[in-house]
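Chains as they are written, first to last, in UniProt numbering: chain D, 1 to 410; chain G, 1 to 410.
Cross-link-like lysine-lysine pairs, in silico, BS3-like; alpha carbons within 27 Å at most:
(1) G:342 - D:73
(2) G:87 - D:53
(3) G:43 - G:73
It is worth saying that the hints were derived from the structure and are not from the lab.
Number of protein chains: 2
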Amino acid sequence: MTYSYVSHLYCPKCEETYSTKEKQQLCKCGSPLLVAYKMDELKSNFTKEDLLKRTPDLWRYHELLPVEDQENKVTLGEGMTPMLHMKNSGKEMDIPNLYMKDEGLIPSGSFKSRGAAVGVSKAKEVGVKELAMPTNGNAGAAWSLYCAQAEITSTIVMPLDAPEITRKECVAAGADLYLVNGLIGDAGKIVGQAVKDYNLFDASTLKEPYRIEGKKTMGLEIAEQFNWEVPDVILYPTGGGVGLIGIYKALRELQELGWIPEGKMPRLVAVQSEGCAPIVKAWEEGKTSAEPWENAETVAFGINVAKALGDFLILDAIRETDGCAIAVNDMKILDEVASVAKADGAFVCPEGAAAFAAAKELRVQNWIKDGEKVVVLNTGAGIKYPNTVEVDAPILQKDEKIVKQATTSK
Amino acid sequence: MTYSYVSHLYCPKCEETYSTKEKQQLCKCGSPLLVAYKMDELKSNFTKEDLLKRTPDLWRYHELLPVEDQENKVTLGEGMTPMLHMKNSGKEMDIPNLYMKDEGLIPSGSFKSRGAAVGVSKAKEVGVKELAMPTNGNAGAAWSLYCAQAEITSTIVMPLDAPEITRKECVAAGADLYLVNGLIGDAGKIVGQAVKDYNLFDASTLKEPYRIEGKKTMGLEIAEQFNWEVPDVILYPTGGGVGLIGIYKALRELQELGWIPEGKMPRLVAVQSEGCAPIVKAWEEGKTSAEPWENAETVAFGINVAKALGDFLILDAIRETDGCAIAVNDMKILDEVASVAKADGAFVCPEGAAAFAAAKELRVQNWIKDGEKVVVLNTGAGIKYPNTVEVDAPILQKDEKIVKQATTSK
Chain D
1 MTYSYVSHLY
11 CPKCEETYST
21 KEKQQLCKCG
31 SPLLVAYKMD
41 ELKSNFTKED
51 LLKRTPDLWR
61 YHELLPVEDQ
71 ENKVTLGEGM
81 TPMLHMKNSG
91 KEMDIPNLYM
101 KDEGLIPSGS
111 FKSRGAAVGV
121 SKAKEVGVKE
131 LAMPTNGNAG
141 AAWSLYCAQA
151 EITSTIVMPL
161 DAPEITRKEC
171 VAAGADLYLV
181 NGLIGDAGKI
191 VGQAVKDYNL
201 FDASTLKEPY
211 RIEGKKTMGL
221 EIAEQFNWEV
231 PDVILYPTGG
241 GVGLIGIYKA
251 LRELQELGWI
261 PEGKMPRLVA
271 VQSEGCAPIV
281 KAWEEGKTSA
291 EPWENAETVA
301 FGINVAKALG
311 DFLILDAIRE
321 TDGCAIAVND
331 MKILDEVASV
341 AKADGAFVCP
351 EGAAAFAAAK
361 ELRVQNWIKD
371 GEKVVVLNTG
381 AGIKYPNTVE
391 VDAPILQKDE
401 KIVKQATTSK
Chain G
1 MTYSYVSHLY
11 CPKCEETYST
21 KEKQQLCKCG
31 SPLLVAYKMD
41 ELKSNFTKED
51 LLKRTPDLWR
61 YHELLPVEDQ
71 ENKVTLGEGM
81 TPMLHMKNSG
91 KEMDIPNLYM
101 KDEGLIPSGS
111 FKSRGAAVGV
121 SKAKEVGVKE
131 LAMPTNGNAG
141 AAWSLYCAQA
151 EITSTIVMPL
161 DAPEITRKEC
171 VAAGADLYLV
181 NGLIGDAGKI
191 VGQAVKDYNL
201 FDASTLKEPY
211 RIEGKKTMGL
221 EIAEQFNWEV
231 PDVILYPTGG
241 GVGLIGIYKA
251 LRELQELGWI
261 PEGKMPRLVA
271 VQSEGCAPIV
281 KAWEEGKTSA
291 EPWENAETVA
301 FGINVAKALG
311 DFLILDAIRE
321 TDGCAIAVND
331 MKILDEVASV
341 AKADGAFVCP
351 EGAAAFAAAK
361 ELRVQNWIKD
371 GEKVVVLNTG
381 AGIKYPNTVE
391 VDAPILQKDE
401 KIVKQATTSK
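Just need the whole structure built from these sequences, with the hints factored in.
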């Protein structure tokens, strides 16, 4: 049985092709590379029914993933995260068919584990021994952990302001961790230099071609979880945008396989913070690529990306699906963390909260129509972001008792 | 179609029975109550094949759960957590068939969500509007969140030393949170008083009968994940012990259904910390119940329970399965957090690490035999316990570069 139907790598800009048997980074023209599969063979050999008895993780789609020898699979059980009907939040927002795909229920509590699982597995397959990457925290944590299992040495550089727990994950995994007094772009420059100085594999966002294949599985799962009928709208908190590009790629591949109808694509929405909204600006100005954002800052640290290497792919995916790009401010993001927890009991990350806030706004604008099926990607667990919640609880001594104010009992 | 085959509640001490249609707490004799099912009906109406097309969460076993009307289901997508082959750790420990069931991949990052999902759903079903509970942190966080979705008011009391993130979860969910300068037993006394003063439902461990049914699903999943062939040994970090009691109950029910063979039970191991080991002491002394542990203290806060209400059930489950009880010290627990992360890339909680340390010790003693299949329960995500890892990373300025020491590159 063929484990992977991977064919080759191709450049979406200049159409050059590359082999998947060797280490690859960017195209010589500077563009990220994408993975192509033998779709005709797949079409005759792979059916929806094949999935029924497989374990609920992203490797259930191995035919559509680039890892060729199962032995190279590095896994912590990632994937097939819940698709939750957010009844109470949906009622408040007048979106009765509001769903959340909860990427908090994944190793290291962040959807970055999808890209890490597939990226590290393929790195192992092509013989990478040492890699480096800049990160806003969660990707570095995930890659460190998967690299530990794969016995690949990792060098991670993250901003000082990145979520503190992600440092701990890197160190626990034995990564070589550096903090930088700057943003992810500054971390990227330091990594670029280290890659040259120490001959490391560069695992920066989209500088290796396989992370996107891991992220793609979110799109495959959304389709499978809705029984191969895609929703109307998908909202995705967008920093580097790999997930959005991946979901788009997944849906196109499913159309090619004939597993979902050709006619209908979900409208993809890139959600950013008003403190860092380069994609939204480019979208509003009708451009095909984005300018770097000055003085980027937002509480939703994962989407604090001033310049995305895949900006042109993000803008293309939005345009092709009749989607849009929208920014929300930090106050609305923090409000949404609290209100989703109180309404539906889900403690989401600020990036996920941004996507909920955007859904609310797009419904008010009637961009989201009455009765449409809407999926919000919550890209990580709220527990990785303790600073989004203030605690002011009474402290009792052992012999004290609770005295409830009339106002505290709801 | 019958959603639940629940029959009634019974007392494992005095055999009194109670209805599942009304709110119930302890038996009038003071013992916890257990749930009985209509096993004969189930046997003819429920097959393994029924599970194939169901979503990968604990509600796939709804026939064996106490919630009778599907409408009362309160869910965040909990259950069917990964069963991971820990190849590298297993090699180091000389347990090649070492598996981890990773309960970090669950809402709120703790296995407490299983008990909360089923407990809160059933509370909703019988008309509970306000409940209270003492907690070492994670259970309170989980119950707060599920209660939010169910629109049940929750009053949570936890020790000041409980993991700080769990306070945040309670507050985010809108719970009425109190901190106590003491241990969970002190929190329990305060809750007991509040239950009387304010007429609250008491959701303390085993004082309501349904949490255990949620925890039971770990046992059902272990059996299903090994294709209905049970492993040789299951190690469980034991505080209140509900999970261990639940796993035992699940396996007995599966035997009754004929889904697993009658002859073979996994040997159940209760793992405690040397700083709080009442069950281990009772086990070593051949007793059927445990004395309260004085000055309980351990880094594995979730198992810092000086007196478990279900001690007699824990000891019974160990005895009936030819299992054992074992304590490990805090230094070994912290070492194991680091070594599991470095070997297999899994960042486990200290309670889970205790179970790994116990497996290692039991293999050295040859209590775990050559080639046996061993399952360790990692009861929560390491990211909830940032204090288990020390970070000492270099801080770079934007224009600096990485200077690797010969010794830092592995």
